[in-house]
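> Sequence:
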Amino acid sequence: AFFRLLEQFDASGRNAIFAFPEGPKNAPDSYGGKLEQPGVFDALVQEVLTSLQRQKILKKKQLPLANDLAITLAGHSGAYRVISKIIVHANIKEVFLFDALYGGNEHFMKWVAASEKHRLINIYTKDGGTRENSLLVAKELKNKWNLNPVLVDEKDLTNLHLFNHRILFIDSHQQHNEVITYQNNLERYLKIRI
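Residue 86 in the working numbering sits at position 86 of the sequence shown, and the numbers go up by one each step.
The set of hints was computed from the structure by calculation and includes no laboratory data. Positions of the beta carbon are idealized from the N, C-alpha and C atoms, including for glycine.
Straight-line alpha carbon distances no greater than 25 Å define the calculated BS3-like cross-link-like pairs of lysine-lysine that follow:
#	residue 1	residue 2
1	K117	K85
2	K110	K34
3	K139	K126
4	K93	K117
5	K139	K110
6	K117	K142
7	K191	K117
8	K155	K139
9	K144	K93
10	K155	K126
11	K139	K93
12	K142	K126
13	K93	K110
14	K117	K144
15	K93	K34
16	K144	K110
17	K142	K155
18	K155	K191
19	K117	K139
20	K93	K142
21	K60	K93
22	K142	K110
23	K85	K142
24	K139	K85
25	K85	K110
26	K59	K93
27	K144	K85
28	K34	K85
29	K191	K93
Have a look at the derived ranges for each label pair, beta carbon to beta carbon:
#	residue 1	residue 2	range
30	L160	R54	39 to 47 Å
31	D153	N15	29 to 37 Å
32	K60	G39	20 to 28 Å
33	K93	Q183	22 to 30 Å
Just need the whole structure built from these sequences, with the hints factored in.
See the structure below:
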């Protein structure tokens, strides 16, 4: 309820399925369990689609494969780890990191460089522990990968930034747990698909 995920998802108007596999809470690390293993995420997607078809929520007789879908992964804080593992093996179109870029740098950089269709939005805070690494990744994307990440202060962020740039690094002045709900950030990012 604190993050208002379903409300923001619904308000985004995106025609999509919202699945929320909860990660570890109050755990000593950010281990993502089986979802870190190759093929497990795709199997989860197929299981969700099959369940929705069985419940007659999805009408199609032939279910799409996970690789044929435009999947967006969004995560807060320690979710970076499982997301960085999933993008290595699954066909993911967008990644939204909410004060979550603590590591997995090589995976995120390789993924965003692999296709012009990949979109990365990384919002970080001064005190959340991700600022320094976020700036490092942005610098490496520019210097080593020849990409053009756009760095913008959250107060200056416009819908044009979201629409025109596929790699965004957003410097937030909010607290670690406020970056998702401030200005309904999840909703804003979902509304605009490149």
